[in-house]
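J.: Build the full structure now, drawing on both the sequences and the hints.
Read top to bottom, the protein sequences are chains G and W.
So the number in this note's numbering is just where the residue sits in the first sequence, counting from 1, plus 3.
So the number in this note's numbering is just where the residue sits in the second sequence, counting from 1, plus 45.
Keep in mind that the hints were calculated from the coordinates and are not lab data.
Mixed in with the good hints there might be a few duds.
Some, not all, of what chain W presents toward chain G, calculated at C-beta under 8 angstroms [said to hold, decoys possible]:
no., residue
1, PRO65
2, PRO118
3, ARG294
4, THR295
5, ALA361
6, THR743
Subject to a maximum C-alpha distance of 27 angstroms in a straight line, what follows is the list of computed BS3-like cross-link-like pairs (lysine-lysine) [said to hold, decoys possible]:
no., chain 1, residue 1, chain 2, residue 2
7, W, LYS234, G, LYS181
8, W, LYS281, W, LYS373
9, W, LYS597, W, LYS643
10, W, LYS281, G, LYS181
11, G, LYS36, W, LYS109
12, W, LYS440, W, LYS281
13, W, LYS610, W, LYS234
14, W, LYS373, W, LYS234
15, W, LYS654, W, LYS440
Cβ atoms here follow ideal geometry from the backbone N, Cα and C, with glycine treated the same way.
For reference, the chains in residue letters:
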Amino acid sequence: MPVPADRHFYLDPARCIGCNACVQACSECDTHKGVSMIQLDFVDRARSTQTVPVVCMHCDQPTCAEVCPADAIKRTEDGVVQTARKARCIACNNCVLACPFGVPKMHDEANLMMKCDMCYDRTSRGLKPMCASVCPSQALFFGTREEIEALRPASRPVDGFRFGAQVITTRVRMLVPKSFAEPLLAVTAPLESAAAVEALDPLLANLYQESES
Amino acid sequence: MADPIPASRRERRTPLDPLPDDPFGPHPAWSAGVRLDTGVEPDRIVDTHCCFCGQQCGIRLKVKDEQVVGFEPRYDFPFNRGMLCPKGIKRYLQGAHPDRLLSALERDEAAPGGFRPIAYDRAIERAAAEIRRIQEAHGRDAMAVLSGASLTTEKAYLMGKFAHMALATSNIDYNGRLCMVSAGAGNTKAFGIDRAANPWSDILGAELIWISGANVAECAPITTDYVWQAREHGAKVIVVDPRLTPIARTCDLFLPIRPGTDVALFNGVLHLMIEHGWIDREFVERSTVGFDDVARHVAEWTPARTARTTGIAEPAIRQAAEWWGTAKTSFLMHARGIEHSSHGVANVLGAINLVLASGRIGREFCGYATITGQGNGQGGREHGQKCDQLPGGRKLADPEARAYVAGVWGMAPEDLPQPGVDAYEIFRRIERGEIKGLLSICFNPLVSLPDSDFVRAMLGRLDFYVAIDFFLNETARHADLVLPGSLHEEDEGTVTTAEGRVIKINQAIECPGEARQDWRIVQDLARALGRERGFTFAGPREIFEELRVASKGGVADYSGISWEKVERQQGVFWPCASDDHPGTPRLFEPGSWNVVAKGAGPYYFPDGKARFNVAAYAPPTEVPDAEYPLILTSGRLIGQFLSGTQTRRIGPLLDMDPEPFIELHPNLAEHLGIGDGTWATAETRRGRLTLRARVVATIRPDTIFVPYHWPGQRSVNRLTIAAQDPISKIPEFKACAVRLRPATAEESCAAAEVSTPSRRPSLPMAGG
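T.: Spelled out as structure tokens, the structure:
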């Protein structure tokens, strides 16, 4: 059974609390027990507690599949990019290097690329993925467009991303503030801009200074 | 002058940290065998709840071959709807664990780990004989009981009854003394009842959320979704904390408070509310008493003084007061950050004064709650395992309560002991030679109490110590006898969540080996003592049925709650005094009836009105000085729980933070010459601790933070101060004076020796 067309995966990094529930739940998945397909990283722990969970974005034209010399990576009709087929994968690492989101990982002992398949064993049976089920802050959400619109009136889903000259559209949607009007998220733009953004330090800004008295 | 150490214990050598080959661990466990196999069809799936924090998320446990092998999200439980934090997800790894106690143990210096197995029946006989001997020689109060709030309510009730009736000792207290008591005392003084005033669903429509001293994202993770769901619909969020925790990262106003000064902030905000006319005068007049005294008291809390005391910039304080003062709906919550203080009750009362002055309580989206920390932190503090308590939230010193409960238990009221002392005072009484024997369950004071070198010394002074546990926790290592108890998934019963919702824990598997359910062990002890009358329950359901009767007519009235109703309604909020009553999700609704006011008003006082209480500021017991110029604060991490007896044994959780650390601000780090990841040494008047530094801009530059889940050389509680709140007796974990410096080469080597970096074994498909 395919993943229902009206069910989507929404990702809202602003909500992520870095708790690792997604990572731990992913490793309980019945198709890859003991190994998580999600990476969770601090952006810059020295300055902030901001964390970002990385799940497969399930691209409409997956770069990983396009660069695979063995044709091991398939995108099923329902838009889910599957993990590499063991019989075909030659562990060449092309996909690992090519994915702009940094999702596929080579599992050396198995000689196999493995990645998030949106919990195909669950989502194809009408269940939510493990990570989006457990996520305590609902930074990861799985449901219909109507549900997300009701739950997140201040947010807008984006499914287009620009990496330099490459534009990618995905089945997974990123939630951005409604005030952000651009149709695409320019992911690599900050790397190209010379000016670093100096954000206000919310801790020091509200600290009492002796000079106040 | 204290008694000399008994000869039988003189030769004992319990090392600060176990040796690497210690058979009792802690060994971190990872999935293996059937737990790692794919395509395993579980024999059954059991709907139950998480064994850790006070939110008590619903979870489904998968059982295969009488072993819990994994979990499924429990989408139908309304509080968490499938959500779980990593502790709940991996909790199943505590079962079938290499460190699990499968038999009773007896102290034997020559045996590996210091204990040898003995037959359960012999252990019970010996424990009873020692208890009898101590009580005959030194009086009934010479035997003390330390219990815990991770036990089901049935077990907590049974522990209170066992201490007060079978042992007839005054000296029982519990680990909620380190957790819930400041909030409990404050709530009782202001409202006459100790329970969260609102269900969490009232967070969702509030337009202002105030969070003081609560690391919500790490200690009550599911509550994050409630807060941020409110924000999606326009709520502003104010967070008050010395650390910019994950819940603070995207808040609308962050107040970086100096640890231990919370009541000054509350008083300063109330001062501004009065100045600007942001008081609900009609509510204050109709539903409260005591406002004028409080108003007079906060007159001196000008914004300038508040800023100086709290370390928060004055404009931020003014902004918070304006938002709080002018909101239409709100939810204020706090946790241990304000409660773990020698002025914890005053801090709580200061918070409640803000709520009462706003008039925003007892209505939809107008709420107030402490975020209960332990799994049964609520139910475990209601039914008689607190040192001054009887079931139903009754007072042991109250003659009417004594007569009622003695009647239920079939004993003479005068045979009930008088109120005892708090958990820390129990150790001081050991020092004075007044307490000679100890029974502990669900409490690991050697890791969780402050100034723990004192606690360690006192364990060595005991004549006899028997511990009930499923792992050999650090305190139990000092025991003479250890009785093998039950894991959460091996028993059934009820607990009461942070919301005040009574829910049902269901048994998934049987106890392994000689281990058995804790209530059986306690009843076996009563029988061996020849005091079995009142301890012949066939199971937790029978205990609950007696608890219903014992709590009837009390403030915490469970008499209308049945296990069936709990299952049918997905929980029942107490008070619930009759079979046809659905329970009370929201307290203090206008026109509501309660057992104390009897219709006079919604609050639990004879006149039905809530109390304003003057909440005077005083600095923490120990403030920084030239010698110890910084503030030490402690707290929890997302992957660990309390003293870590369970979570330090779960590999995937330990992997998240294998070690405790000293968190400090880059400005301080630069000043002291401490680099990120290098060894640093913190010293207080109690002790010294060397850990790796974590240099982050998310903590006040005058404060350092250390998580408390680790024992021995890595235990921050060897540094904390044993100062206590005069009313609640909660210890001051959140502020003491400390100095910090780079560690010496010798200290670094010693620290590295006990450090346990992740020892995750290689998996069949390791990588990533």
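J.: Work down the list of hints and note, for each, if the structure agrees.
T.: These are the hints, each one checked on the structure:
no.: 1; hint: PRO65; in the structure: violated, 25 angstroms
no.: 2; hint: PRO118; in the structure: holds, 4 angstroms
no.: 3; hint: ARG294; in the structure: holds, 5 angstroms
no.: 4; hint: THR295; in the structure: holds, 6 angstroms
no.: 5; hint: ALA361; in the structure: holds, 4 angstroms
no.: 6; hint: THR743; in the structure: holds, 6 angstroms
no.: 7; hint: W:LYS234 x G:LYS181; in the structure: violated, 46 angstroms
no.: 8; hint: W:LYS281 x W:LYS373; in the structure: holds, 12 angstroms
no.: 9; hint: W:LYS597 x W:LYS643; in the structure: holds, 15 angstroms
no.: 10; hint: W:LYS281 x G:LYS181; in the structure: holds, 17 angstroms
no.: 11; hint: G:LYS36 x W:LYS109; in the structure: holds, 16 angstroms
no.: 12; hint: W:LYS440 x W:LYS281; in the structure: violated, 40 angstroms
no.: 13; hint: W:LYS610 x W:LYS234; in the structure: violated, 31 angstroms
no.: 14; hint: W:LYS373 x W:LYS234; in the structure: holds, 26 angstroms
no.: 15; hint: W:LYS654 x W:LYS440; in the structure: holds, 21 angstroms
In summary, the structure is inconsistent with hints 1, 7, 12, 13 from the numbered list given earlier, while agreeing with the others.
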